[in-house]
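Q: Sequence:
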Amino acid sequence: MTCAADRLPRPSRFPHPVVCPMPSPLPLIARGFGPILALVATSLFAQGPARTGTTSFEPAIEISLGTEPPDFGQHAVTRLVDWGRDGQDDLLIGAGDGRIWLVRNHGQLRFAKPEPVMLNGLPLRLGNRLTTACYVDLNGDQLNDLLVAHSDNELSLLLNLGTATEPSFAPPVPLPATDGTELRLPEGCGGRIDAGDWDGDGDIDLVAGAFSGPIRCYSNQGTAQSPRFSEATALRVGLTESQYSYNVHPTLFDINQDGVCDVAYGLNWGTISMLLATKSTDTSARVAAATPQLVTQLTPSWPDGKSIDLRAIAGDDATPTFGDLDQDGTLDIVSGGRNGRLFWLRGIPPTRSLDRLTTIMREHTADLGAALRRSDDLRDELLGLHHGMYRLCQGFLNTPASRQTIRQWYVAHLNEHARWLKHGSHDIASQPYVPSLACQTWTILMLLHDGDPDAPGHRQFVAETIGFSGRLREILIDFGTLIVENGRATPNQLETLFSYLQQIPPVLLSDRSVPAVTEVITIGEYLGPRLEVLHAGGVNIFADESGKPGSSENPFPKDFRPCENDYFGLVLAHELNHRVDATRFVAVPKYNERYWKHLRKI
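Each residue of the sequence shown is one higher than the one before, counting from -4 in the numbering used here.
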């Protein structure tokens, strides 16, 4: 399989550049080539020459090329390529005016001034609108060719007639569809494409974005030597054909380095999202472009856990590409945008996040609750670090050893700080936010399984680690649900929770093709002020005592006699029904059909 990741060189052993933490973008000086603004990723499990991924990145820093600001026609779509086969990641840039630019990387974070890609001695220009250029082998001769999306919905192939180290190109020709006609992208595509082996069959496929709509996949139904591209198939995440808005810039890359091509995309809002895939279960000889199973969508973040947002500095659009720009063994993000500037996003090593978590907690061993109440910055940093680890655990721990490493760290962390992070009861007036923080560590543990998140042994491990007992433990083991109640739930409430969860058919709870029905149930009044907790799905309910009248409200017709009811049970049933309806009856066709069949009988 050759995804975009495989078009990049292996890292060499350059010394790591000196980079100082900065609260806002400031220039770094690259010797002889002017200021550079930067951000790079390292990984917990980087060993030897293998590259690894990350989900947390430092604040974006602009790449400045030479002494004059580059002019890319007020738009820049970036791709990292090894243009001269010298082992360096060069920048190939599709501009906003139909031109294609190359920025050579001389190593050790030194970049040359942009130079236009040439055709017959003249700068190449295709149309006068936004372009994307891909550098891939489209005729099987082991030389990378130039594929350009331009003029909204046109594609042009320029075959490499030169060499691997000194490419030169034939005049542009269209790409063929399976019926031999010219392949054209939908109107509104805006030249937003990428090329790579999406379906894992050894040849180059295409994905295309749009102003608004799905990401479309074009499978190569020909061969590596003679490509023929299928009609578009909308990309699905799980069972859902996702729609995106606006200015969807997709890129193909093995983001989590598990050997399966993934998708990432940027939007006009300046945001970036990752769609992680697993291998297709389709065993047919030819599979459609959308058959790789995209199972996890996550958003890379800044150190405080907030989602990456480049809009303030890049204008509309984020155009992400991935590669190991500084060759430290960890993947980075490079992005352009509507204003034609380039940005390098330096990722945060998981080891650094874990070390920082250790430092913070040890500094506040005695006063964590009060410290969280006093300091917004402390809350943001502490939760942001855990958010980064949660996203990492969602799809970046590809080996049992890597999962075991993180799992052992969290077990030790909870044991060391059991007062704050294990199940207990806290005064929410003087120690707010502690229950939420503890819950975030618990949902991370839920992800650190050995391949089966529903295995009884894994659920027992989580229950023992976090200190659950009695009905709390039974609910977690039987249903995979964490009850977050700050040690205040009554026996009646726990019995009602167990009873109601028991009424949900197990097949609905265990279906992992869609989000969880309820991994977390919070009882809000017991928790006080709350922090955002990342989890697989859940509900919040009220703290009324179960089995006792709690409200006389009834959203029934006026002629219905008002009555008091078990408000705890009513709200619980109401919220659980919402989750079952949204995650099963609406999202899964086989459940949806049965749902409506039964409703028609009523």
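For the record, the hints were derived by calculation from the structure and aren't laboratory data. Every value quoted in this text rests on a predicted model; they were computed, and no experiment measured them. Among the hints, erroneous ones may be present.
Below 25 Å or equal to it, Euclidean Cα-Cα: the simulated SDA-like pairs (lysine to any residue) are [to be verified]:
#1 Lys274 <-> Asp299
#2 Lys301 <-> Pro524
#3 Lys543 <-> Arg466
#4 Lys596 <-> Tyr562
#5 Lys274 <-> Tyr241
Computed spacing ranges between beta-carbons, pair by pair [claimed, not checked]:
#6 Ser207 <-> Gln137: 22 to 30 Å
#7 Arg507 <-> Gly61: 45 to 53 Å
#8 Gly532 <-> Ala159: 21 to 29 Å
#9 Arg357 <-> Gly465: 28 to 36 Å
#10 Arg347 <-> Gly217: 44 to 52 Å
#11 Gln292 <-> His573: 15 to 23 Å
#12 Gln238 <-> Arg483: 53 to 61 Å
#13 His569 <-> Thr273: 43 to 51 Å
#14 Ala568 <-> Thr228: 35 to 43 Å
#15 Arg347 <-> Trp591: 23 to 31 Å
#16 Leu234 <-> Asp422: 42 to 50 Å
#17 Gln497 <-> Asp311: 48 to 56 Å
#18 Thr228 <-> Gly452: 35 to 43 Å
Heads up, the beta-carbon is just placed ideally off N, CA and C, and yes, glycines get one too.
Q: Regarding Ser207 and Gln137, is the given constraint of 22 to 30 Å on their beta-carbon distance met?
A: Hint violated: Cβ distance 39 Å, outside 22 to 30 Å.
Q: Do the Cβ positions of Leu234 and Asp422 conform to the proposed distance bound of 42 to 50 Å?
A: 44 Å, holds
Q: Taking 15 to 23 Å as the stated bounds, is the beta-carbon spacing between Gln292 and His573 within them?
A: Taking Cβ atoms as reference, Gln292 and His573 lie about 21 Å apart, which means the hint holds.
Q: Given the hinted pair Lys301 and Pro524, is their Cα-Cα distance within 25 Å?
A: 19 Å, holds
Q: So the hint says 21 to 29 Å: do the beta-carbon atoms of Gly532 and Ala159 match that?
A: This hint is violated: roughly 49 Å between Cβ atoms.
Q: Range first: 28 to 36 Å. Now tell me if the beta carbons of Arg357 and Gly465 are that far apart.
A: At roughly 32 Å between Cβ atoms, Gly465 and Arg357 fall inside 28 to 36 Å, so the hint holds.
Q: Look at the Cβ atoms of Arg507 and Gly61 and judge whether their distance stays inside 45 to 53 Å.
A: Holds, since Arg507 and Gly61 (Cβ atoms, about 51 Å apart) stay within the stated range.
Q: Could you see if the CB distance from Arg347 to Gly217 stays within 44 to 52 Å?
A: With a Cβ separation near 46 Å, Arg347 and Gly217 satisfy 44 to 52 Å, so the hint holds.
Q: Measuring from beta carbon to beta carbon, are His569 and Thr273 in 43 to 51 Å?
A: 35 Å, violated
Q: May I ask you to test the hint 23 to 31 Å on the CB atoms belonging to Arg347 and Trp591?
A: 51 Å, violated
Q: Does the Cβ distance between Thr228 and Gly452 fall inside 35 to 43 Å?
A: 39 Å, holds
Q: Given a hinted range of 35 to 43 Å, is it respected by the beta-carbon distance of Ala568 and Thr228?
A: 40 Å, holds
This entry does not satisfy hints 1, 4, 5, 6, 8, 12, 13, 15, going by the numbered hints stated previously.
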